[in-house]
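Peer 1: Sequence:
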Amino acid sequence: MGVQFVMRITFLLLLTYGLAEAAPPPLAMPGCKDTCGNVSIPYPFGMTAGCYLNDWFKINCSTGNGSSAGNDSSVRAFLPSINMEVLEIKIPNPFNDDSYPYSSFEPGIVRVNMPNIISSNCTSTGAINGGVSMTGGPFYFSSYRNKFISVGCNNIALMTGSDPTVLVGCNSDCDNETIIKREAKCWGFNCCQTTVPYGNQVFNATFKSKNEKNKGIEKCKYAFLAEEGWFDSNITNPSYQVPHLKYVPVALEWIVPNLTRMSSTETDWFYNNYNATYYLCLRGYEGNPYLNTGCQDINECEKDNNECSDKSDCENTEGSYNCDRRKARWKIVIIDQDRPGIIIHDLILPF
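With mature numbering (1 follows the signal peptide of the UniProt record, and there is no 0) applied, the sequence shown covers -22 to -1, 1 to 329.
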């Protein structure tokens, strides 16, 4: 009976070895809440005093009517510093995130809802006739992820931004003769688009007429910034859908000005064109590089994120892995209560 009991304990330990998984890397400061509804809130963002870097990164978590009550689907995150709803906050993670296709030289991203701008001759109340300014803050319109888009006939739309010497715009018309030539969505027929200048913190739009003779019969015109991927996936008929849009998703780059350079073997830093330093976890690590212990080793073997021909040969190492898994000698001690002495059997098992 004694032999059976000890053997059960021994094999139970063998079977459970390696089942424990490491806790996910921290996103927020210790003791701080890291979610608002369905939005993750990583440091330097935060919701209460001591949890965010400064007021630019403060998040208000509420239902939109000022109440903080509600379930995950009704509670929303807002950035009062720029007066926009937050859809998503992303830490720079170019090595492990496919949504960072623009190399490691792109800082963090915060996706927000930004207003649609309308021309002065509109009667619709669906959009907002006004621009956005984030001057002096850590947020910049992403030139990689956004497009400047305008909808309207006899239309020249100009984007005005931080630098008055940089002029960006596009033109569209509703001439039936050009429909066949411009079958692609939003390439000239009642809709146009162009790239967004780099390092811009201000957005507004002005409208002009391509043909001044037809100016008196012009209809409403619209201009806005939008995430290119969102626009391509969700807008199939700009002429019909855009007039009903009050807000559209826009990607903002964020940086941390005047941040003391951290010294860590798990993080790296870069300078961007705004002359600010931003951090990211090195290849083989994940987490929040803005926290002292934020970057943690990725277990490539556990996540099946490796190139080993035989996955069972994968062995995780600090910051990497290898495909020559070491073997360890396990000693199983069998105690027989009926006979004095100890019998030892050696088994070679994967470590």
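These are calculated hints, taken from the structure and not from any lab test. Hints may be right or wrong, so weigh each one.
Derived DMTMM-like pairs: lysine to aspartate or glutamate, alpha-carbon spacing no greater than 20 Å straight-line [to be verified]:
(1) Lys68 x Glu296
(2) Lys163 x Asp153
(3) Lys68 x Asp12
(4) Lys224 x Glu244
(5) Lys197 x Glu278
(6) Lys224 x Asp33
(7) Lys188 x Glu206
(8) Lys36 x Asp12
(9) Lys68 x Glu293
(10) Lys163 x Asp141
(11) Lys281 x Glu206
(12) Lys188 x Asp210
(13) Lys197 x Asp151
(14) Lys68 x Glu244
(15) Lys188 x Asp246
(16) Lys163 x Glu206
(17) Lys36 x Glu66
(18) Lys289 x Asp302
(19) Lys281 x Glu296
(20) Lys281 x Asp246
(21) Lys197 x Asp210
Peer 1: Just to be careful, I want the Cα atoms of Lys197 and Glu278 compared with a cutoff of 20 Å; is the pair within it?
Peer 2: violated (57 Å)
Peer 1: Tell me if the straight-line CA distance from Lys188 to Asp246 falls inside 20 Å.
Peer 2: Outside the cut-off at roughly 50 Å; violated.
Peer 1: Is it true that the CA of Lys289 sits at most 20 Å from the CA of Asp302?
Peer 2: At roughly 10 Å apart (the allowed maximum being 20 Å), Asp302 and Lys289 satisfy the hint.
Peer 1: Given the hint that Lys188 pairs with Glu206, does the C-alpha gap stay at or below 20 Å?
Peer 2: Violated: Lys188 and Glu206 sit about 25 Å apart, past 20 Å.
Peer 1: Decide if the proposed pair is consistent with the structure: Lys68 and Glu244, CA atoms, cutoff 20 Å inclusive.
Peer 2: holds (18 Å)
Peer 1: Would the pair Lys281 and Glu296 pass a check requiring their Cα atoms to be no farther apart than 20 Å?
Peer 2: Answer holds: Lys281 to Glu296 is near 15 Å, not above 20 Å.
Peer 1: Does Lys68 pair with Glu293 here, judged by a C-alpha cut-off of 20 Å?
Peer 2: violated (29 Å)
Peer 1: With the threshold set at 20 Å, check whether the alpha-carbon distance from Lys68 to Asp12 stays at or below it.
Peer 2: holds (13 Å)
Peer 1: Hey, Lys36 versus Glu66, does the alpha-carbon distance stay inside 20 Å?
Peer 2: Distance ~14 Å between Lys36 and Glu66 Cα, so the pair holds.
Peer 1: Taking 20 Å as the top limit, are the C-alpha atoms of Lys224 and Asp33 close enough?
Peer 2: violated (27 Å)
Peer 1: Does Glu206 sit within 20 Å of Lys163, going by the straight-line distance between their CA atoms?
Peer 2: It holds: about 12 Å lies between the C-alpha atoms, which stays within 20 Å.
Peer 1: Is the straight-line distance between the alpha-carbon of Lys163 and that of Asp141 20 Å or less?
Peer 2: Distance ~29 Å between Lys163 and Asp141 Cα, so the pair is violated.
Against the hints set out earlier in the document, violations occur for numbers 1, 4, 5, 6, 7, 9, 10, 11, 12, 15, 20, 21.
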